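Peer 1: As a plain string of letters, each chain reads:
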Amino acid sequence: MKKLLALVIALVMILSVSLALADGIKVGIVNNPPSESGYREANVKDFEKVFSAENGYEAKTFYSLKNDEQLNAATQFITDGVDYLLISAAETTGWEKVLNDAKEAGIVVFLFDRMIDCDPSLYAAAVVSDMSKEGDLAVQWLLDQKLDEYNVIHIQGAMASDAQLGRTGALDAQFEAGTMNKVVQQTATWDEAEAKKITESVINAKTPFNVIYAENDGMAKGAVAALDEAGISHGVGKDVIVMGFDCNKWALRELLAGNWNYDGQCSPFQAQVISDMIQKLEAGEAIEGLNEKNQIISEEKGFDATTLTEDDIATYGLGE
Amino acid sequence: MPERKKTGFFQNNSQLLIPLVAIGLLLIFNLIRDSSFFSVNIGTNNDGYPVLQGNLISILNGASELAILAMGMTLVTAASGGQDISVGCLAAIAGSVFVKVLRAGPITGWTVALGVVLCCLVAMVFGCFNGTLVSVFKIQPMIATLILFTCGRSIAYWINGGATPTVGSPIITAIGSFIPGIPVPTPILIVILVGIILSIVFRTTTLRLYIQSVGINQGAAKLNGINPLKIKLLAFILLGACCSVSGVIGVSRLSLINHETLLLNIEMDAILAVAIGGNSLGGGKFNMAGSILGAYTIQALTITLYAMKVPSTDVKAYKAIVIILLVILGSPVVKDAFRRLRMRSNSGRTSIGKEAA
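If you read the sequences in order, they're chains C and D. Residue numbers are given in my numbering: position 73 of the first sequence equals residue 1214, and the series is strictly consecutive. Residue numbers are given in my numbering: position 111 of the second sequence equals residue 181, and the series is strictly consecutive.
Here chain C stands alone, though its shape is the one from the complex:
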């Protein structure tokens, strides 16, 4: 009996020692699946790159578009005893219990990309984008072009999505103020082919326009296809200004070729910011630079075709 006990104790000791040797900083990442969008694909890759074994992390990941599955995974990560929990929630609600559990277990929670409706004390920091800032940047760029007249075809994304609201808001303000004319404002629900049809209908109605403001790259490409078929010139120094969002690599190449004018981006790169904060906590320092909601607002980008470089495409372009 004693022998057995000794053996068990010895085994447990060996196991705990080996565990202590093997582990880096244990991180549980709950995210949306990369298939969701080009944005998410870049986001997931960014986290894989930063939270790697080489950088001293032991990362477990879970991807789902469904909130309940994400909640289960987060609970599992807490049970597994991760040191840090990184969450990009599918929905803003339903997370309080899990976050409380994490707090009780002494796990530090970071939110990224998407906010959760809860008390800010439940997470260490949230690295998020200010969607309206992205639209503001783009519209400001457009105003800086100092056109005599702004006749805008506005092609919207899926209505009421975060990206649509943010990218629409600033332009709507201009329409209301009368600085820009709304030729048409339609949703193509991120569908490229639909964007082409909407643009075609404007061309067929022979309504004059000189700006295409599409809320993502794909829809901008759809609109441009309609312009090409109708023999309307577009791009730098041409008849129609083309604006897109997301900064896919292929879209930035269109900018570089002068076929498009502007591409805005809501930054998918939050991993390094979070990693820096974790390193600070590990070193016993406090996290700085948070606002009253414990947020860090990511810096947004907007690229002008006339100043874009190959390096920008390599650094900030999504996809391939």
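Derived from the structure by calculation, the hints contain no laboratory data. In this text the structure is predicted, and so the values were computed from the model without any measurement.
Think about it this way: if two alpha-carbon atoms lie no more than 20 angstroms apart in a straight line, the pair counts; the simulated SDA-like pairs of lysine to any residue are: (1) Lys379(D) <-> Gly1319(C); (2) Lys379(D) <-> Ala1346(C); (3) Lys1207(C) <-> Thr220(D).
A few chain C positions that, by computed beta-carbon distances, are all more than 10 angstroms from chain D: (4) Gly1247; (5) Cys1259; (6) Pro1261; (7) Asp1271; (8) Leu1278; (9) Gln1281; (10) Asn1351; (11) Val1377; (12) Lys1434; (13) Asp1453.
Note that the Cβ used here is the ideal one computed from N, Cα and C, for glycine as well.
Given chain C, work out where chain D should sit, using these hints.
Peer 2: For chain D alone, kept in the frame of chain C given last:
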């Protein structure tokens, strides 16, 4: 006897009445609203070639994928008495395969041909999968195709692994837009080609008869030596082929594939096109021309709403109102009422005729 045959012929074509009236009303409405709606003119595209432009061209061009899918959907509906709700997803898979092949190397005429053939084969295999579930395992078509509906776009994503892969090439543009020198959009030509192929098949083979007999009474068809399994399977495989053609057009239009949005929700429009075309969704007799007209009706409606600049949040509601009207007009109850009305006037006329004689 000849008189009965005449009514039979007339009844068969009265199926086309609803979509024809619908398109007619839409056209008249547009004519009153803005007579320039119909102007078709020849312009030059950015490559410097002459091309046809105008709303009519937009309608014909934009409905191409839908028209092709509606043809396939008609066959499946007629044979199995159910609908395939995975056509959009299957088109996305086919499109992904097409893009995968094109991205493997430099794009030449041969690689494009190879891509088309391969994606067609893959789509037919998936169609065969759907067909097997329906015919061999006797699963309700909507449930059987729900599987592919759920996972199809994930499969499409796995094939390429990227969010929106692009494939730029003059050949692709020629498929999705215009062949240099030909002013008619290529998708319209492809629809005509598919239509011709199908009508040749129907004229030279007994496929139409077999599909209808399986759809009307499977047991009776079996007793007459028709294998219902084979016929249903064939219908689904043909629909798969239609999906691949639509997928190729969809990809070529923009030289890019977005597996999440390529032909999104088109299954609903395709089923609707079949219904508007006056075909029974319970299977049996079918009228291909009706479904194609149905497809163009839906597209004409969409383009009209765009041309009217209906606010984006309201478009679907307006579409729904028109569609409800169309479907009610085409419903058996209303049709019966019309038939009774016509019979009454007919019998009145014949009795007058007899008196005169």
